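Heads up: the protein sequence lines correspond to chains A and B, in order. The first sequence runs contiguously to residue 332 in our numbering. The second sequence runs contiguously to residue 524 in our numbering.
Since the hints were made in silico from the structure, they are not lab data. Everything numeric in this text was worked out from a predicted model, so none of it was measured. Where is the CB? At the ideal position from N, CA and C, for every residue including glycine. Some hints here could point you the wrong way.
To be verified - A few chain A residues that face chain B, going by a derived Cβ cut-off under 7 Å, partial list only:
#1 TRP193
#2 ALA203
#3 PHE215
#4 GLY231
#5 LEU233
#6 ARG234
#7 ASP239
#8 VAL240
#9 GLY249
#10 VAL251
#11 LEU258
#12 LEU259
#13 ALA262
#14 GLY289
#15 ALA318
#16 PHE320
Here is how the chains run, residue by residue.
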Amino acid sequence: MTLDWNAFTPWSALAGGLLIGLAAALFVLLNGRIAGISGVLGGLLRPSRGDVAWRAAFVLGLVAAPAVYLLFAAWPRLTVNAGWAELVLAGLLVGVGTRYGAGCTSGHGVCGLSRLSPRSLVATGVFMAAGFVTVFVIRHLLGL
Amino acid sequence: MHVVFSLLAGLIFGLGLLVSGMADPAKVLGFLDLAGRWDPSLALVMAGAIAVGLVGFALARGRSRSLLGLPMTLPTARHIDRRLIGGNLLFGIGWGIAGFCPGPGLVALGMGEGKAAVFVAAMLAGMLVFELFERRTSRSLKVA
């Protein structure tokens with residue numbers, strides 16, 4: 189392991205993190221809900237009365253964020269090295285996994301840990317470990 | 381009104397993802413690449429998010445209603461089971477393959493990134509698979 193000093197952006201990472209935390213805090217205090225994006229999305233797939241608008245609005249906020257961002261600055265770099273097959277596989281795994289696992293980086297990682305949830309602590313540990321191992325296998329064992 | 385705040389929360393969350401660089405799969409994978417050139421930024425994003433989140437959730441604890449008068453609908457599950465672990469394993473693997481998770485996928489979609497659209501479509505398909513399986517299982521349990 190060598191630290192990638194070129195890529196490491198401590199201040200913007202922290203600032204962005206504070207914004208994410210703010211969003212989660214506002215959402216729980218105002219809407220009484222967990223800002224867990226897999227859950228917000230997943231619920232849209234079995235819509236019930238009174239349950240759609242707030243979900244669609246949250247998703248819209250995420251999708252519209254880049255447009256709002258442009259009012260302040262140019263977009264940051266976005267590099268997707270994965271090919272179509274990998275993207276489909278990744279998407280399927282994330283889709284199935286987040287629903288069975290009841291959360292994702294926002295639901296378990298940000299909100300769950302902020303709530304001091306032991307369940308989210310385990311969940312976060314598991315998906316982080318899985319992420320680390322997967323990248324290790326792909327980049328350093330398979331050399332892809 | 382709560383729909384407007386939901387939109388706002390999604391927007392702030394999305395802005396946070398952009399500012400922190402977490403909408404960029406290459407940056408996320410840089411964090412997951414422990415054996416390579418390691419970019420610790422994601423850790424700082426989480427730290428920043430949880431620092432604010434801790435305050436928000438502490439304020440929310442013990443409330444039965446949100447500040448907008450909505451019922452607090454927070455997860456109550458406390459068990460750690462195979463679904464939790466298995467699901468998060470799958471999620472982490474998917475995350476490690478493309479560097480996308482639900483939130484960043486949606487934000488990148490908002491940037492017009494075609495590859496993000498593929499990921500999001502596959503993710504929704506995966507979530508749909510989960511829904512269909514869950515409905516069939518609960519139906520067969522009812523019949524039995």
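So, going through the hints one by one against the coordinates:
The interface hint given for TRP193 of chain A is violated, since its Cβ lies 9 Å from the closest Cβ of chain B, which is over the 7 Å cut-off. At about 6 Å, the closest approach between the beta carbon of ALA203 of chain A and any beta carbon in chain B falls short of 7 Å, and the interface hint on this residue holds. A distance limit of 7 Å between C-beta atoms decides the matter here; for PHE215 of chain A the minimum to chain B is near 4 Å, and the interface restraint holds. Annotation: GLY231 of chain A was flagged as interfacial toward chain B, and the flag is violated, the nearest CB pair being 10 Å apart, outside 7 Å.
A distance limit of 7 Å between C-beta atoms decides the matter here; for LEU233 of chain A the minimum to chain B is near 5 Å, and the interface restraint holds. About 6 Å separates the beta-carbon of ARG234 of chain A from the nearest beta-carbon of chain B, less than 7 Å, and the hint is met. Interface hint status for ASP239 of chain A: violated, as the beta-carbon distance to the closest one in chain B is roughly 10 Å, over 7 Å. Proximity of VAL240 of chain A to chain B is violated relative to the hint, the smallest CB-CB distance being about 10 Å (cut-off 7 Å).
Checking GLY249 of chain A against chain B: minimum C-beta separation of about 2 Å stays under 7 Å; hint holds. Satisfaction of the interface hint for VAL251 of chain A is found here, the shortest Cβ-Cβ separation to chain B being roughly 4 Å, below the 7 Å cut-off. Below 7 Å, beta-carbon pairs count as interface contacts, and LEU258 of chain A has none with chain B, the closest being about 10 Å; its hint is therefore violated. Interface restraint check for LEU259 of chain A: the shortest CB-CB distance to chain B comes to about 10 Å, outside 7 Å, so the restraint is violated.
The beta carbon of ALA262 of chain A comes no nearer than 11 Å to any beta carbon in chain B, farther than 7 Å, and the hint placing it at the interface is violated. With a cut of 7 Å, the hint placing GLY289 of chain A at the interface with chain B holds, because the nearest CB-to-CB distance is about 3 Å. With a cut of 7 Å, the hint placing ALA318 of chain A at the interface with chain B holds, because the nearest CB-to-CB distance is about 3 Å. Because the smallest distance between the Cβ of PHE320 of chain A and any Cβ of chain B comes to about 5 Å, under 7 Å, the interface hint for this residue holds.
Against the hints set out earlier in the document, violations occur for numbers 1, 4, 7, 8, 11, 12 and 13.
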